[in-house]
Amino acid sequence: MREGGAQQGERRFALLLTAPGILVLFVTTTFPLAYLVYSSFQTINLAMPFLDGFAGFDNYVQMWGDPRFWHALGLTGIYTVSSVTMQVVIGLGLALMVMQIPAGQWIFRIVAILPIVLAPVVVGLFWRTLMLAPNFGMVDFLVQWLGFEQINWLGSPIPALVSVIIIHTWQWTPFAFLVFLASLAALPGDVYEAARIDKANALQRFWHITLPLIRPAVVIVIIMRAMISLHAFAAIFAATGGGPGTASEILNLYAFKTSFVELNFGYGSALAVALLIITMAVSAILFYVRTPRRREAAA
Amino acid sequence: MNPYRSAATRRNVILMTVAGLLLLVWVFPLIWAVIVSLKSERDVLAYPPTLFFDPVGRNYADALFGGFSILDSLATSAIVSVSTTVLTIVLAVPAAYAFARLRLPAKRSLGFYTLATQMVPPVGLVIPYFLILNRFSMLDTYTGMIVVYLTFSLPFAIWLMVSYMEDIPREMEEAAFLDKASRIKTLWHVIIPQVRGGIAVTVIFVFLNAWNEFLFAVQLGGNNVRPVTVAMYNFVSVEQTLWAKLSAAALVAMLPVVIIGIAAQKQIVKGLTVGAVKGGGRR
Numbered sequence: 000m001r002e003g004g005a006q007q008g009e010r011r012f013a014l015l016l017t018a019p020g021i022l023v024l025f026v027t028t029t030f031p032l033a034y035l036v037y038s039s040f041q042t043i044n045l046a047m048p049f050l051d052g053f054a055g056f057d058n059y060v061q062m063w064g065d066p067r068f069w070h071a072l073g074l075t076g077i078y079t080v081s082s083v084t085m086q087v088v089i090g091l092g093l094a095l096m097v098m099q100i101p102a103g104q105w106i107f108r109i110v111a112i113l114p115i116v117l118a119p120v121v122v123g124l125f126w127r128t129l130m131l132a133p134n135f136g137m138v139d140f141l142v143q144w145l146g147f148e149q150i151n152w153l154g155s156p157i158p159a160l161v162s163v164i165i166i167h168t169w170q171w172t173p174f175a176f177l178v179f180l181a182s183l184a185a186l187p188g189d190v191y192e193a194a195r196i197d198k199a200n201a202l203q204r205f206w207h208i209t210l211p212l213i214r215p216a217v218v219i220v221i222i223m224r225a226m227i228s229l230h231a232f233a234a235i236f237a238a239t240g241g242g243p244g245t246a247s248e249i250l251n252l253y254a255f256k257t258s259f260v261e262l263n264f265g266y267g268s269a270l271a272v273a274l275l276i277i278t279m280a281v282s283a284i285l286f287y288v289r290t291p292r293r294r295e296a297a298a
Numbered sequence: 000m001n002p003y004r005s006a007a008t009r010r011n012v013i014l015m016t017v018a019g020l021l022l023l024v025w026v027f028p029l030i031w032a033v034i035v036s037l038k039s040e041r042d043v044l045a046y047p048p049t050l051f052f053d054p055v056g057r058n059y060a061d062a063l064f065g066g067f068s069i070l071d072s073l074a075t076s077a078i079v080s081v082s083t084t085v086l087t088i089v090l091a092v093p094a095a096y097a098f099a100r101l102r103l104p105a106k107r108s109l110g111f112y113t114l115a116t117q118m119v120p121p122v123g124l125v126i127p128y129f130l131i132l133n134r135f136s137m138l139d140t141y142t143g144m145i146v147v148y149l150t151f152s153l154p155f156a157i158w159l160m161v162s163y164m165e166d167i168p169r170e171m172e173e174a175a176f177l178d179k180a181s182r183i184k185t186l187w188h189v190i191i192p193q194v195r196g197g198i199a200v201t202v203i204f205v206f207l208n209a210w211n212e213f214l215f216a217v218q219l220g221g222n223n224v225r226p227v228t229v230a231m232y233n234f235v236s237v238e239q240t241l242w243a244k245l246s247a248a249a250l251v252a253m254l255p256v257v258i259i260g261i262a263a264q265k266q267i268v269k270g271l272t273v274g275a276v277k278g279g280g281r282r
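Heads up: the sequence lines are chains G and P, in that order. The numbers in numbering that gives the first Met the number 0 rise by one with no breaks, and the one at position 205 of the first sequence is 204. The numbers in numbering that gives the first Met the number 0 rise by one with no breaks, and the one at position 176 of the second sequence is 175.
Hint data in this document are derived by calculation from the structure and do not stem from the laboratory. The C-beta atom is built at its ideal place from N, Cα and C for all residues, glycine as well.
Distance ranges between label pairs, derived from CB positions:
no., chain 1, residue 1, chain 2, residue 2, range
1, P, Leu70, G, Gln6, 48 to 58 Å
2, G, Leu22, P, Ile261, 30 to 40 Å
3, P, Lys106, G, Ile77, 37 to 47 Å
4, P, Ile191, G, Val60, 48 to 58 Å
5, P, Ala45, G, Pro243, 24 to 34 Å
6, G, Gly64, P, Ala60, 53 to 63 Å
7, G, Val26, P, Trp187, 25 to 35 Å
8, P, Leu63, G, Phe140, 23 to 33 Å
9, P, Gly66, G, Gly64, 40 to 50 Å
10, P, Pro54, G, Phe205, 41 to 51 Å
11, G, Gly92, P, Phe27, 14 to 24 Å
12, G, Leu210, P, Trp187, 39 to 49 Å
Just so you have them, the derived chain G footprint on chain P, three or more residues with Cβ under 8 Å:
no., segment
13, 86 to 93
14, 122 to 135
15, 147 to 158
16, 248 to 258
In silico contact screen, one side only, chain P against chain G (beta carbon under 10 Å); selected entries:
no., residue
17, Leu14
18, Trp25
19, Trp31
20, Val43
21, Leu103
22, Gln117
23, Val229
24, Val235
25, Gln264
26, Thr272
Chain G on its own, in the form it takes in the complex (with noise of 0.2 Å):
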């Protein structure tokens, strides 16, 4: 009885503690995802309000026939998988050459901080003048200087997609970089004597050793670095503002324009519940292949 109520007790407790930050959860987030669904089935245009009203699917329907969309979802898959694969390669390789040099590890330590708290706008600002402009930018003049033709970054298509593609790696590495060194460092060392004893070699002991055993830090790296890209914004807003025209433009980008440059708002939900779908599909697919090997691991 005195059990069962100390119980009861702790339950009602626990709820006390959690309806606060629930509740600002709800209402701040689920309310405005509603209102978010309810305006996608909305015309509502700023910019032409005797419009507005109920559209029922117009939006969705819009939005299957309009090759924006669809070259704006195309461009946020080639932003995302190539900028967390670039991410994982390059950080998990600069991690492992850094476990090896025997002294100065803090100064990559700190280094590596640093574009992390950055704030992306100014990193794509950065890029923007500092590194791309014409005529001014230090890559711009490294080009030059190395006997290639100049080239237009931001000005022309190709290349702005691979400038905000290389700016958001540039920016994110450093993280990739910074976990996969926390994991190395957590490793055994026994197992590495008994591969040497075994005669493994460099590239053996890392596919059949190092790989498995970081493989849970790999896969998490990859899941939020994804989430993160599909949601990139502030550093291509800055950088490029998607263009030109809408080179650089992935759906998130689209989805704002549509919304604050265009004022078709119905419209803008609409794209923004697409993003919505496709990153929980991903997050989705992504965990599911998280999961099963974690059970293999512990069966």
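Could you slot chain P onto chain G? The hints should help.
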């Protein structure tokens, strides 16, 4: 000479060189920003870029006290970030304790709900918030901005705190229960001192994210509430070619987060890896 040793040395030299070059890639834009910020506008436009020049402090004076002073924006960012951080911690710490340590009804679904709110794309929130805040004339207000900032700080903070709460040894609180200390006293006197480190890491992350936020700030702010990230962005469109001034202003704007980053480097890496193990994190 021992051939193995010389091979190892050569290997180390190659390693250090490659790693050093990569290091340069990351540190260079920042060093270059510092150099440019110390140049006069005439030196800035010299092409090829000059490394030797008479350093001037005028750009910093202009950024702080000149026509496009960012002082007001710095104050705005400080108010928004500190308020967001305080509110987030007050809401997140008790909730995380309940999630990690207490019998909570519907714990799994509530936990999943909190995690799911992290996946909402910011653009999916800025659109409804613009319409809602507009209707209640709350665009360009501190209240509106801070409420919006809770959307990304709160779920992240709860999840980060949960992982720190789970690390507390269970004996401690059970001993406290035997003493019949009230539950609130337990939370305050036993639990919170145990997770001070975790709270510090959470404070750092929430503050950094709030300080660096741009999407909500640019669309839901205005002349009253203009965080420093928006001021930076406006700077470029207003003063196209004054890049020395932009560099100076941007470096001043980023000084707080850079200082926090270097000073709390160990805690940040810990937070990143805790998040990496438990699956939180969002920018």
